[in-house]
Every structure is written in C-alpha cells, then in structure tokens.
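Student: Next come the chains, spelled out residue by residue.
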Amino acid sequence: MSKMKELKKIIVNKPLKLDCGETINNYPIAYETYGKLNEKKDNAILAFHALTGDQFLTGINPVTNKKGWWTYLIGPSKPIDTNKFFVICANVIGGCMGSFGPSTVDEKSKKPLGTNFPVITINDMVNAQYNLLDHFKIKKLFCVIGGSMGGMQVLQFVSNFPDAAKNAIPIACTANHSAQNIAFNELARQSIMADNNWDKGNYVNKEKSPDKGLAVARMAAHITYLSQKGLQEKFGRKLQETDNINFGFDADFQIESYLRYQGSVFVDRFDANSYLYITRAMDYFDLTKQYNGKLSDAFKNCSTKFLVISFTSDWLYPTHENKDIVIALNACGADVGFIEIISDKGHDSFLLDVPEFLTTIKKFVDANY
Amino acid sequence: MLITNMKEEFKVIANLIEDNTRVLDVGCGDGTLMEYLKKNKNIDPRGLELSKKKIQESFGKGLSVIEGNAETDLKQFPDKSFNYAILSQTLQAFYNPEKVLDELLRVANIAIITIPNFAYINVRLQLLIKGKMPVTKNLPDEWYNTPNLHMCSIKDFFEFCEKKNLNLFKALTIKNQKISEINKRNLFFKNLFSELGIFLIKKK
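First to last, the protein sequences are chains A and B. Number 55 in numbering that gives the first Met the number 0 belongs to position 56 of the first sequence; there are no gaps in the numbering. Number 65 in numbering that gives the first Met the number 0 belongs to position 66 of the second sequence; there are no gaps in the numbering.
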C-alpha cells in the first residue's frame with residue numbers, strides 16, 4: 000500500500016463544521032483528475048463516487064491495478080470525453096483511498112482513528128469536496144455527475160452551492176434513503192460488527208481485520224445491485240466445477256462462488272470502518288427533511304440544468320424515487336429532463352456497458368457544452 | 000434561425016406563441032418545435048414525451064424533456080406553470096381526452112390543441128363509398144393498429160368547448176400552406192374541407 004502515499008491530495012486549511020457538531024480542519028482530500036482544464040475553466044466536471052468507489056474513475060487504478068469504476072462513461076473518446084472535459088473525482092471523507100477517514104492516522108496518538116472518526120453525512124462530504132473548486136480556481140463547474148450515493152452528492156452539492164454547477168446529472172439515486180436501503184445497510188453493518196475481529200473498530204491497531212464480516216456485507220450488497228432477471232440469466236442454477244450437487248455447504252452453485260469471490264476481493268481494497276461510516280452517511284441522507292419537508296426548496300435558488308436518469312430494473316433506487324426528484328424540480332420551475340433507461344442489469348447499470356445510458360449522457364453533455 | 004423543413008402545423012403554432020413565454024410541448028417528439036421556439040422566440044421550453052429514442056434526440060439538441068405520458072404525468076407540474084401547453088394531434092389517442100384537457104388548462108393558461116378532422120371530406124367519402132375505415136395522410140393507420148381511440152371532428156370540438164364552458168378563442172386550419180380562421184359561420188364548410196383543426200382554448 001506504499002502507493003497510497005503517492006496519491007494526489009489537498010490539505011484543507013479551512014475549518015468544516017460537520018453535521019454531528021464536530022469541527023474538522025487540516026484534513027486531506029485525495030483526488031484524481033482526467034483531461035485538461037482549459038483557459039476559460041469552463042470544461043470541468045466533478046464526478047462523485049458511490050459507496051465503495053474512489054477517485055480513480057477511469058484508466059487503471061494505481062493502488063488496486065484494476066480498471067477504474069466508470070471506464071465505460073469517462074475517458075479519452077468515451078461519452079464524457081476527457082480530450083474535451085476536465086474531470087475531477089475525489090475520495091469522499093470517510094473513505095479509505097487517501098481522504099480523511101477512519102483509517103487516517105491521528106497525529107497525536109500515531110494510530111488510525113478507527114471509530115474515533117466523527118460520524119459524517121453526505122452534506123459533510125460535498126462541503127469538503129467543494130474545496131477542490133478553490134484549489135483549481137474554478138468558479139463554475141460545467142457539470143456535477145454521480146450515480147447512487149454519487150447522485151445523492153450531486154443533489155446535495157447543487158442545493159448547497161446553487162451557482163457552482165451549470166449542469167447536474169443525478170443517476171439512480173434518491174432524495175431520501177428508503178427504509179429498504181437503510182435495512183440493507185444495517186445488515187451490512189451488523190455483519191461487520193458481528194465479526195470478532197472488528198473489535199469495536201479497534202482492529203486498525205491489530206493484526207487481524209474483520210474480513211469475513213466485510214465480505215458478507217459486500218455479498219449481501221452485491222445482490223441488491225443486480226436484478227432478479229439479470230442474476231437468473233447469468234447464473235441460473237448452474238453448478239461450479241462440479242457435475243452434481245455435493246450435499247454439503249461448499250459453493251456448489253456458480254452464484255455462490257461468484258458472491259464469495261466478490262466478497263474476498265473486496266476486503267483487499269476496502270476498509271470495514273469506512274463501510275460503516277459511509278453507509279451511515281447514506282442512511283442519514285434526507286434532503287427533504289433538510290428543507291423542512293419541502294424538497295423543491297432545495298433547488299429553488301439554482302439555475303442548474305438537471306438530467307435525472309433511472310433504470311427499469313433498479314429496485315434499490317427505483318424509478319419512482321428518481322421521479323420524486325423530477326417532481327420537486329418541476330415544482331420550483333427548475334430546468335429538468337428525465338429518462339428511464341431500459342436495462343436488466345439492476346442498480347449497477349450506471350457502471351456497466353448500457354449503450355442507451357451512455358448515449359443519453361453523451362448527447363446531453365455535448366449539446367450543453 | 001429558420002428551420003425550413005418544419006411542418007406547416009408547427010409553423011402556425013409557433014406564430015401563435017408570444018416571445019419570452021413559458022411553453023410545455025406535450026408529446027414533443029424529437030423536439031423540432033421546441034428547438035424552433037428556443038432559437039427564434041427566446042423561449043426555454045419543456046417537453047413531455049413517451050418515446051425514449053425521441054427523448055434522446057431532444058437531449059442531443061440541448062432540450063429539457065421529461066419521459067412521461069400526458070394522462071399520468073402532467074400532475075407533476077404546478078398550476079399555471081406555463082403560458083402555453085401544446086398538444087399536437089394526440090388528443091384523440093388518450094383514454095380520457097377530457098381529463099387531459101382539464102390537466103392542460105390547469106398547468107397552462109392557454110392550451111394549443113390540434114386534431115385530425117374526422118369530418119374531412121376524404122375521410123367521409125372513404126367511409127361512405129368504400130365502406131371502410133378511412134386511411135389518410137393524417138390518419139395513416141389501419142383500424143386494427145391505430146392509436147386513435149376518440150376521433151372527433153372540428154365541429155365536435157367546437158361543441159365540446161361550448162358544453163364544457165371553455166373559451167375557444169381561436170380556431171384555424173391550414174390548406175395548401177394557407178391559414179384560415181374557422182368560426183361559427185363557416186363551420187359547416189371548414190368541417191368538410193379541413194384536414195386539421197388548430198384550437199386555442201382557455202378557461203372562462
């Protein structure tokens with residue numbers, strides 16, 4: 000993990016009062032950029048990552064040596080063409096890819112913060128990332144974009160900084176985390192906390208980490224990112240490296256093997272405490288409540304042009320929750336377009352090769368630049 | 000900028016709309032009319048459309064279109080959020096045209112409605128002489144695959160507005176690129192010789 004030290008970072012020297020009441024200062028935000036900022040500084044796009052994402056959205060992630068998470072959408076000659084646009088992506092605070100988070104080493108104790116890290120919110124995340132605009136001396140972003148938790152950040156960003164983005168593309172998200180989503184996140188957290196190695200978050204100072212708990216959390220979450228139809232078509236009842244069922248509890252089925260694999264590779268790149276903190280931030284997200292029950296008030300001062308996108312098979316952030324955002328935007332006369340993309344790939348559709356989705360974004364960004 | 004290949008109907012509609020107003024194009028298709036209004040009338044229009052392909056085309060023109068159906072998705076717009084709501088040749092395709100008109104006049108001060116006239120002479124003759132459901136330029140589908148559920152004539156629409164106490168303050172038709180007014184005096188002939196009726200209505 001020596002590559003972690005080479006990550007691009009800004010140290011924010013401006014106190015940030017968090018929603019929980021604590022104030023943080025001199026904290027790092029790790030980021031990556033793609034493309035070049037032009038002289039007029041009008042080609043910048045701020046992309047927000049989802050729960051387990053990081054700043055490496057395209058190309059090869061130098062820490063994991065894997066492809067970036069949004070390579071289908073962003074990159075040279077991609078729908079969001081980095082030959083034309085300057086794309087910035089930061090690791091959220093609470094994350095584990097260089098930004099201020101539970102794995103950040105406390106200067107006094109020389110130990111990782113663990114659960115001494117304050118509980119953060121989506122609001123705190125975007126307020127922290129806003130400092131990148133000052134860093135790059137960008138007055139107005141061409142666009143803010145994100146899917147899932149990234150989409151929630153888009154909504155929060157525009158409501159906090161109504162003049163900071165010309166366009167906004169919230170994808171497969173919601174303005175208020177639903178009971179179902181809180182339930183799945185709680186399942187994930189309980190799985191981590193039930194692992195003895197978690198040790199109330201103290202594993203960071205020990206040799207063993209709650210890999211099993213984190214892997215199960217990831218497995219459960221992974222199911223929610225897919226659709227029933229997608230799962231059935233890809234795996235069905237296919238068996239893994241066996242001709243018959245084995246009357247035991249090894250992974251007989253391909254789907255079991257697949258989930259186990261997803262869980263095991265995840266623990267190599269993600270921190271269990273970060274998972275707790277970030278899922279909590281998602282659960283606390285309720286933009287409607289922030290504006291006293293009237294979501295449209297969140298957008299009433301903005302001149303931002305919105306494009307809201309949902310997917311037919313996304314049952315985690317279903318179309319009707321995305322439409323509620325559209326309704327709120329219409330209620331305050333905001334400029335908004337909306338499309339539901341047909342896809343069997345579930346919530347994950349925004350990360351995958353879904354041509355209709357990619358074309359829609361390309362048309363939107365090119366026409367508005 | 001002029002969009003010369005825009006169909007005559009849209010040119011007439013565009014001329015009826017004042018500059019700098021708020022316009023909702025219901026069933027906006029590929030956004031041709033919206034684009035014209037945006038470029039020539041200093042209007043920032045909104046569209047509602049069902050076809051995903053056409054919505055994408057509109058996004059490609061920088062237009063803001065919402066996927067949706069007039070029967071279920073007009074409710075998202077607040078009262079009087081537009082000066083004009085346009086509905087071009089689709090009123091007859093709704094399950095409940097009456098309700099759609101109500102909604103259009105809730106979200107906009109003025110509704111611009113166009114209808115293919117079922118009392119047009121060619122239509123009448125096809126039914127009268129051939130004894131078959133009419134197929135014309137404006138009504139290109141066969142009886143078994145037409146989306147049209149509630150065909151009406153220009154005269155029907157006049158009577159409807161009267162019955163519903165709506166202010167039908169302008170009625171036009173186009174023939175060979177010539178626009179003419181329809182009124183109560185010429186209604187019999189216009190109803191016989193017009194393929195298309197263009198109506199401006201508002202609440203009394």
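The set of hints was computed from the structure by calculation and includes no laboratory data. Predicted model only: the values in this text are computed from it and were never measured. All residues carry an ideal CB built from backbone N, CA and C; glycine is no exception. The reader is advised that the hints may include incorrect statements.
Stated by the list, open to error - Chain B regions said to be covered by chain A (calculated; three or more residues, Cβ under 8 Å):
no. : region
1   : 70 to 82
2   : 121 to 132
To be verified - Straight-line alpha carbon distances no greater than 20 Å define the calculated EDC-like cross-link-like pairs of lysine to aspartate or glutamate that follow:
no. : chain 1 : residue 1 : chain 2 : residue 2
3   : B       : Lys60     : A       : Asp323
4   : B       : Lys53     : B       : Asp78
5   : B       : Lys51     : A       : Asp343
6   : A       : Lys361    : B       : Asp78
7   : B       : Lys52     : B       : Asp29
8   : B       : Lys60     : A       : Asp80
9   : B       : Lys52     : A       : Glu339
10  : A       : Lys362    : B       : Asp43
11  : B       : Lys52     : A       : Glu355
12  : A       : Lys299    : B       : Asp29
13  : B       : Lys74     : A       : Asp323
14  : B       : Lys51     : A       : Glu355
15  : B       : Lys53     : A       : Glu21
16  : A       : Lys299    : B       : Asp43
Student: Each hint: holds or not?
Tutor: Okay, the hints, checked on the actual structure:
Under the rule that three or more residues need a Cβ within less than 8 Å of chain A, the assignment of the region 70 to 82 of chain B holds, with 4 such residues. With a threshold of 8 Å between beta carbons, the proposed coverage of the region 121 to 132 of chain B by chain A is violated, since 0 of its residues qualify and at least three are required. For a cut-off of 20 Å, the pair hint linking Lys60/B to Asp323/A is broken: about 25 Å separates their Cα positions. Restraint check: the Cα-Cα separation between Lys53/B and Asp78/B comes to about 27 Å, which exceeds 20 Å; the hinted pair is violated.
Using a Cα cut-off of 20 Å, the hinted pair Lys51/B and Asp343/A holds, with the two alpha carbons roughly 16 Å apart. Between Lys361/A and Asp78/B, the direct Cα distance comes to roughly 33 Å. Violation of the 20 Å bound is thereby established for this hinted pair. Only pairs whose Cα atoms come within 20 Å are accepted, and Lys52/B paired with Asp29/B is accepted, the gap being roughly 8 Å. A distance of roughly 18 Å separates the Cα atoms of Lys60/B and Asp80/A; the hinted pair therefore holds under the 20 Å criterion.
For the given pair, Lys52/B sits about 11 Å from Glu339/A by alpha-carbon distance, which is consistent with the 20 Å threshold. Distance restraint check for Lys362/A and Asp43/B: the Cα-Cα separation of roughly 18 Å lies within the 20 Å cut-off, and the hinted pair is therefore satisfied. Using a Cα cut-off of 20 Å, the hinted pair Lys52/B and Glu355/A holds, with the two alpha carbons roughly 9 Å apart. A hinted pair counts as satisfied when its Cα atoms are at most 20 Å apart, and Lys299/A with Asp29/B does not qualify at roughly 29 Å.
For the proposed pair Lys74/B and Asp323/A, the alpha carbon gap of about 12 Å is at most 20 Å, so the pair holds. Restraint check: the Cα-Cα separation between Lys51/B and Glu355/A comes to about 9 Å, which is no more than 20 Å; the hinted pair holds. With a C-alpha separation of about 49 Å, the suggested pairing of Lys53/B with Glu21/A is violated against the 20 Å cut-off. Only pairs whose Cα atoms come within 20 Å are accepted, and Lys299/A paired with Asp43/B is accepted, the gap being roughly 17 Å.
Of the numbered hints given earlier, the model fails hints 2, 3, 4, 6, 12, 15; all others are met.
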